[in-house]
Amino acid sequence: MSKENYDFPDKDGRFGEFGGKYVSETLISALDELECTYEEVKKDKSFLAEVKNDLETFVGRPSPLYFAQRWTENLGGAKIYLKREDLNHTGAHKINNTVGQVLLAKKMGKKRIIAETGAGQHGVATAAVAARHGLECIIFMGDEDIERQSPNVYRMKLLGATVCSVNSGTKTLKDAMNEAMRDWVTNVDDTHYIIGSVAGPHPYPQIVRDFNSIVGIELKDQSRGLFGRYPDKIIACVGGGSNAMGIFYPFLKDNSVDLIGVEAGGSGVDSGMHAAPLSDGSIGVLHGMKTYLMQDQEGQILSTHSVSAGLDYPGVGPEHSYLRDSGRVVYEAATDEEALDSFHDLTKTEGIMPALETAHALAYAKKIAPDLDKEEILVVNLSGRGDKDMANVAKVEGLTL
Amino acid sequence: MSNIEKVFKNLKKDNKKALITYSVAGDPDLESSEKIIRNFILEGVDIIEVGVPFSDPMAEGPSIQLGHERALKNKISLLDIMQMCLKIKNDHPNTPLVLMGYMNNFLSLKENLFDELKKNKIDGLIIVDLPYVESNEFLKKLNDKDIDLIRLISPTTTKERIDKILASSSGYLYYISLKGVTGSELKISDELENRVLEIKKQTKLPIVVGFGIKDAKTAKKMSLCSDGVVVGSKLVDEIGSFNPNKENILNQNLTSIISELKEGIS
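Here the protein sequences line up with chains A and B, keeping their order. Per the numbering used here, the first sequence runs over residues 1 to 401. Per the numbering used here, the second sequence runs over residues 402 to 667.
Next comes chain A alone, as it looks inside the complex (with noise of 0.2 Å):
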């Protein structure tokens, strides 16, 4: 592809075969309504203004770059930096987007916001802001991950959300997100829904994209004054992939940049055990985008497996699809067992418990690191933190809290 004309996605929502809106009928008007309205306030200074004041001082960006240093060490290799999106209110790269997303449905005049979640991360992000501005807020989550995601499904609540568990399908965030869509095609005058992950019909992969594009705007600030240049390699998880969309967009013309984005890899790509459709997937359409999805031959959707609630999705962002067969962003899985292990490796070296999520790209990172050159600088987006897996991961490994 020629990266210099990077400019997706096009007037019709599509990187080139992937995205798209593949929706019911009664939806569209409330997409090109979605639509209309954020192409007017991307051009509206006093609106940007806004989103950038409660980044500043709700989220508390520019979150910083870290170096892990003792990991670094232990590990032998590049240079490891950590963004850090774990440190935002609510304790994820979430709130880039919800925070936007709100003050958009705001001008739309709506009174009610529903969003989807999975490790309740984008849940928490969004009930906060439903918070913050006064506005009914109804969370879609399913049974399965209501069970290990408990302690951010207490949140939710407290913040005044109403949290609806969802036990069709296989009771993960695929189905969540059916029920969402469900709930908004009934309540689409008044409701806005805030999809959580650059995944969905057009135009939600661009506004998502867009809002976490803030994390990699400020890693080049960054890297700029840290290093005099750009990072070697950009590593992120992906599962639906907002915090990698993020972090990557604005890297996507920067050649010399390597990016990976990496998948829920569950028991191993090979078992057919995972959540990782870029790795093992095949082209379809679900959730309202054409992109790289875990199916059968029949175009039934399969059940993932990952321990990270918040990745196991069957779908990924059509953005990536793109990516992915483009060349551009190279595609990796990591397994729960690896995944588990940079979990215990991070929080014991640095001190910082990360996300089960992000614990998958920390994995890859420590794979490779130890085979580049001690000056390659490697930079991982930490996009959240690891209260919220706690029990879970207490729970895989035997222990009882």
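No lab work stands behind these hints: they were computed from the structure. Treat the hints with care, as some may be off.
[What the hints assert, rightly or not] With a straight-line Cα cutoff of 25 Å, these simulated PhoX-like cross-link-like pairs (lysine-lysine) come out:
1) B:Lys522 to B:Lys488
2) B:Lys588 to A:Lys11
3) A:Lys157 to A:Lys111
4) A:Lys11 to B:Lys541
5) B:Lys560 to B:Lys511
6) A:Lys111 to B:Lys588
7) B:Lys560 to B:Lys541
8) B:Lys565 to B:Lys542
9) B:Lys580 to A:Lys106
10) A:Lys11 to B:Lys542
11) A:Lys107 to B:Lys520
12) B:Lys490 to B:Lys520
13) B:Lys560 to A:Lys11
14) A:Lys171 to B:Lys520
15) B:Lys560 to A:Lys107
16) A:Lys111 to B:Lys580
17) A:Lys171 to B:Lys474
With the hints as your guide, set chain B onto chain A.
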């Protein structure tokens, strides 16, 4: 003239409205769903919408979601469904059979889809998550095989959009009666009736109304302003109570629902 056109032409001649059923192929199992459809045809249903079960039926309410789940347990394929349709068509060549489902299942057959549809005498397709802007290429291939792509219009579809949808439609138009999922509670209003009448003025295609039509009274009301009504959730709910030892009871119950609705709209 296509089968679908003929059906509406004949109904018009007799000053009647179409009764269209929706049931899920493979629910409760493929053989029983075939029997159910054959029974519908014998009871005088004009057009049959055959639901293609999907793992993630986003537009469906609880009743039809359960129908999809029951059908998927039987691991039936789209080809199995089309072959079932062909068997029915061989006995009832004039009754249009329309497959209704989600894009991903239709995509799974890739380019073979169009030949298979033709070979198995499918009259039309309704693809819930394929709005017209995404459908150009698909539409062309269907039209090459004389298969109708039936379009949906909803309460939120704008006037400009309706014009564009009408320009590329064939068969009939499916007006979604409400903002919501299938089987939601339908509140009939003047606004709804006027909107259907308004769209009717813009097109020569027949327009049918679906979503939330569960009883004779609603069916009657909606058929007055349109060319027919679709009933789905009510039937799928009934099919959900299927007991293999009491197959006759299911058929009796379905028959009584159909005759009640038919009476309503005639």
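| request: Of all the hints given earlier, name the ones this structure violates by number, lowest first. | output: The structure conflicts with hints 2, 5, 11 and 14, although it agrees with all the remaining ones.
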